[in-house]
Every structure is written in structure tokens, then in C-alpha cells.
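Undergrad: Now for the letters of each chain:
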Amino acid sequence: MGVIKKLPVYLEKIPGGNIVTTTLDYVFSQSRASSLWYLLFGTACCAIELMATGASRYDFDRLGMIFRASPRQSDLIIAAGTITKKMAPRLKLLYDQMAEPRYVIAMGGCTVSGGPFYYDSYAVEKGIDHIVPVDVYIPGCPPRPESLLEGCLTLQKRVKRMKIRDWS
Amino acid sequence: MEITEIFKYLYEQLAASGLPQVWVDIVALACAGVIVFGFLAVVALFLVWWERKVSAHIQQRFGPMRTGWHGWRQTIADAIKLLQKEDIIPTLADRPVFFWAPVIAFVAAFMAYITIPFGDGLIVADLNIGILFIVAITSFTVISLLMAGWGSNNKYALLGGMRSAAQVVSYEVPMVVAICSIVLFAGSLSMVDIVQSQAMIYQWYLFRLPFGPIAFIIYIIAGTAETNRTPFDLPEAEQELVAGFNIEYSGMKFAMFFLAEFINMFTVSAIGTTLFLGGWQGPFLPSWMWFLGKTLFLVFVLMWFRWTYPRLRVDQLMEFSWKFLLPISFANLILAGLMKYSGWFNW
Chain P
713 MGVIKKLPVY
723 LEKIPGGNIV
733 TTTLDYVFSQ
743 SRASSLWYLL
753 FGTACCAIEL
763 MATGASRYDF
773 DRLGMIFRAS
783 PRQSDLIIAA
793 GTITKKMAPR
803 LKLLYDQMAE
813 PRYVIAMGGC
823 TVSGGPFYYD
833 SYAVEKGIDH
843 IVPVDVYIPG
853 CPPRPESLLE
863 GCLTLQKRVK
873 RMKIRDWS
Chain C
6 MEITEIFKYL
16 YEQLAASGLP
26 QVWVDIVALA
36 CAGVIVFGFL
46 AVVALFLVWW
56 ERKVSAHIQQ
66 RFGPMRTGWH
76 GWRQTIADAI
86 KLLQKEDIIP
96 TLADRPVFFW
106 APVIAFVAAF
116 MAYITIPFGD
126 GLIVADLNIG
136 ILFIVAITSF
146 TVISLLMAGW
156 GSNNKYALLG
166 GMRSAAQVVS
176 YEVPMVVAIC
186 SIVLFAGSLS
196 MVDIVQSQAM
206 IYQWYLFRLP
216 FGPIAFIIYI
226 IAGTAETNRT
236 PFDLPEAEQE
246 LVAGFNIEYS
256 GMKFAMFFLA
266 EFINMFTVSA
276 IGTTLFLGGW
286 QGPFLPSWMW
296 FLGKTLFLVF
306 VLMWFRWTYP
316 RLRVDQLMEF
326 SWKFLLPISF
336 ANLILAGLMK
346 YSGWFNW
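Protein chains in written order, with the working numbering: chain P, 713 to 880; chain C, 6 to 352.
No wet-lab data here; the hints were simulated from the structure.
Heads up, some of the hints might be wrong.
No more than 25 Å apart at the CA atoms, straight line, and that leaves these computed lysine-lysine pairs for PhoX-like [stated by the list, open to error]:
| no. | chain 1 | residue 1 | chain 2 | residue 2 |
| --- | --- | --- | --- | --- |
| 1 | P | Lys804 | C | Lys160 |
| 2 | P | Lys872 | P | Lys718 |
| 3 | P | Lys798 | C | Lys160 |
The shape of chain P in the complex, shown without the other chains (with noise of 0.2 Å):
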């Protein structure tokens, strides 16, 4: 990691460097993009959707994300479904758990902004961009599979944009 984020640093000082760090810029975002590797982690009835677009009708494969149980091998995790106080350490620590770069969908309006049935609850967080930074948000109450394959399109479109440059 550390040669890898040097490298544009140094290249740039070389004549014609620029060249060669712009398409660095291309094939890591490209790649980067193309294989978004998403957790396994679904706690309500939007759970039941992220399967669905996982499985043979909606294929998340044909992306090239696939599901990892592993939170150190997945680069994004898709909130699916409600989080409640309770829960909201956990995805907490899932989140930290998960290696750089990592990217956040909120899927569903429970996750955006507590959602149609729950907005007055003391028990469920108003939306889990106040305990983790959020990506893409997708409204539905479940978004159907096409919104959430329409969600992860804009996140590749993001994660293309993204330089060697703004590398945190």
C-alpha cells in the first residue's frame, strides 16, 4: 500500500509523468469499481430484496460483486433494513472492520431517515449516516431489486471518478 500510494508522488516529477499516472488513475478506479465485493449483512425486510438481486433473476455477478462473510474482504456493505440503537454499534464496528477503501449504501427508508413505520420509535436510529458515512442513499420501503442494482451503478460511477490524488 504505502509503494502504491508513493508512487504517483514520484512519477509526477518525471516529464511526461502525468501521462502514466493518469492511467494508473484509470485501471485502479476501473478495477476498483468493477469488483465491489459487498458483506453479508441484512437485518430487515430489505435483506430479503439484496438476496433476491443476488440470486439468478437479478445477478449481482454480472457486476462482479459477489458476497464476502468476512467484513476484512469486503470493500462495501449494504445496510439492508432497519438499525436500531441496538444494532448501531455493531454496524459501527463492522464498518471499522472492513479494510480501506470502503464504501457505505443505505438501502432502504429506514436506513436513510428511520423509514415510514418506524420514524417515531425510540428505538431505531433516524438514519445511519449519523453513525457511519454514507455513499448511496437508496429510498423504497424495500427499494425493489432494480433500484438497488440502479444504487450500485451510481456507487461504480462514483468510485470511477475517484484520482489516485484523493486517496485519504
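Given chain P's structure and the hints, the job is docking chain C onto it.
TA: Here is chain C on its own, set in the frame of chain P:
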């Protein structure tokens, strides 16, 4: 020009350059190592993609479609992404053990290719104990799995490592006994001799009734278990053990485990081809093409197993090995010995 002639020519040029013989051999072996390494890297990348496509089509899906034609760049993208990932070492991990486990897994998977004949004369070193060497080297994998399980300091990883050690050790026994019956018939441990003893299709050990097919089936079952693949993938059972022994590994270390697993699958198929399917023997096509074709067919069979069968329970797994496979393989060995001694079917 045949590939072997090119190698021979290069070797002669090297020998004529005036280097001492020791250095000539070292340089030649290093070159062979680099070639085998490059070949294996390509094979592993290809197999990961192929597995995803095979699984997808078995489940009426498409698999990777968006990176190149039918997603052929998918594994390359995965590898580059894994290279960029943060390298996490847990605070309480046993650092040296944690670090060396994927290295040992990869090296053990890679070393077996020293004595596998890829074609007529395409072999790094034709040891006279070839198959014994392979059996010995591939069992190093157990150590790496145990190290990964222990070094991670994670209960699921430890359970996964223990399970895989128990499984690999117990399936090693019927596999070696099945291999023994072939060695008995070929009269040699050298891989090249074993291939040369099955020149015609009716001489393939697979078709030497009755002991050949039995030994082959035992070998394939035990080989599936050795590579920790479904229906014997208990070490990485997602439902019970999250991800098994590699749960704490991220980035490139995980990629090394992953590539080692696929190289092991190719190893099992390559040994199966050499022992039972006549290795590189075949008409018309170049020998390496026959070897690759047969091996990839066996790899496909292993993938087919994986996406068709459900997983066994851990006690069923052990019972199957010790109470069923082992007695049958011993009976088969005795049968092969009797056949060899009496001269039946000794074509």
C-alpha cells in the same frame, strides 16, 4: 519448432557461454521457476473467472459480464483491487505466524509443479520419486492453514484451521493408498515413467478394470476434500464459520490464499491426469495441449461437484473417510497387487 527444442537450444547457448556448470544449472532452474510461476498465475486468474462463469451458468445466471467480453478481465480487476486494499493485521494476532501463513500456502501450491510433466519433455525436473515428492509437498498446505487459524487469534479462524487440518490429514490417507495402486502397476514413482506406461487409450489406468476406476473415484473424492472444496468445504463454511481460516486476512494476503486454493485445484487435476488419464499422451495435437485439455476437463468436473452437491456434516465427513474410503482403497490396493502378480489384464 517444438517448445522443448527452444528450451534445449537456450540451455546449450547458456552452457556454451563459459559459465561454470553449477551456475548454468542454477540459471536454468531459475528460468524454469519463473516460467512455471507465470503459467500458474495465468492459470489461477483464468480458473477464478471460469469458476464464476461455470457457477453462474449452472445457476442460470450470467456471471461477470461488464468487464470486457463476458467479463474476462474480472479476475484481473479483482487482483488489482485486492492489491490496493488496506493490509490489516489484528492487534492480538501472532504477527510472524500470521504473516508467513499465506506465503507457505502459496509456496507449497507452487512447489508441486516441479515434477508435473506438462508435455513430452516439458518437466522442470524428472525426479525418480516424483509422485512421492508431490504428496509430501502438497501436505505442507495443512501447516499454512493451521498457522492462519492459530495466528489470526480469532475463534472462527481457529475452528476453521482445526477442521481443515483434520480433514486434509484424514483424506490424505485414502488418496495416497489409491496412488499406491497406480505406482504398483507402473512400477515407478517417476511421473514421466507413469505417463509413458499408458501410451494407448486402453492402457490408461482409468480403464484398467477393475482396480483403475475405483482408484480414480477415490482419488477424485479425496482430492476434492484436499482442496477444501464443496461438498467438503467445511473449513470455510460461511453459515457456521463466517469465512473459515482466512477470516482475518485482507488484501493481498487473502489473494494469496485464494490463488493457492485455485492452484491446488489445478494440481489435483494435473496429478489425476498424469496418473489416470494418460498425461500428455494423445494423437495429432501437441502433447501440452492434451495435458491442458484433460486437466481443464478434470477442473471442470471439480467445479461441477462444487455447484451441485450440498455440504457434508463434520462427523459424516470423518466417517466417510475412515470407515468407507480407507477400507475400499486398501482392498483396491490388494486387488491391484494380485492383478500385477498374476499377470491378468497386464496389457
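Undergrad: Now look at each hint and say whether the structure bears it out.
TA: Going through the hints against the structure:
Pair hint P:Lys804 plus C:Lys160 holds up; C-alpha atoms about 21 Å apart against a cutoff of 25 Å. The suggested pairing of P:Lys872 with P:Lys718 holds, with an alpha-carbon distance near 20 Å, which does not exceed 25 Å. For the proposed pair P:Lys798 and C:Lys160, the alpha carbon gap of about 24 Å is at most 25 Å, so the pair holds.
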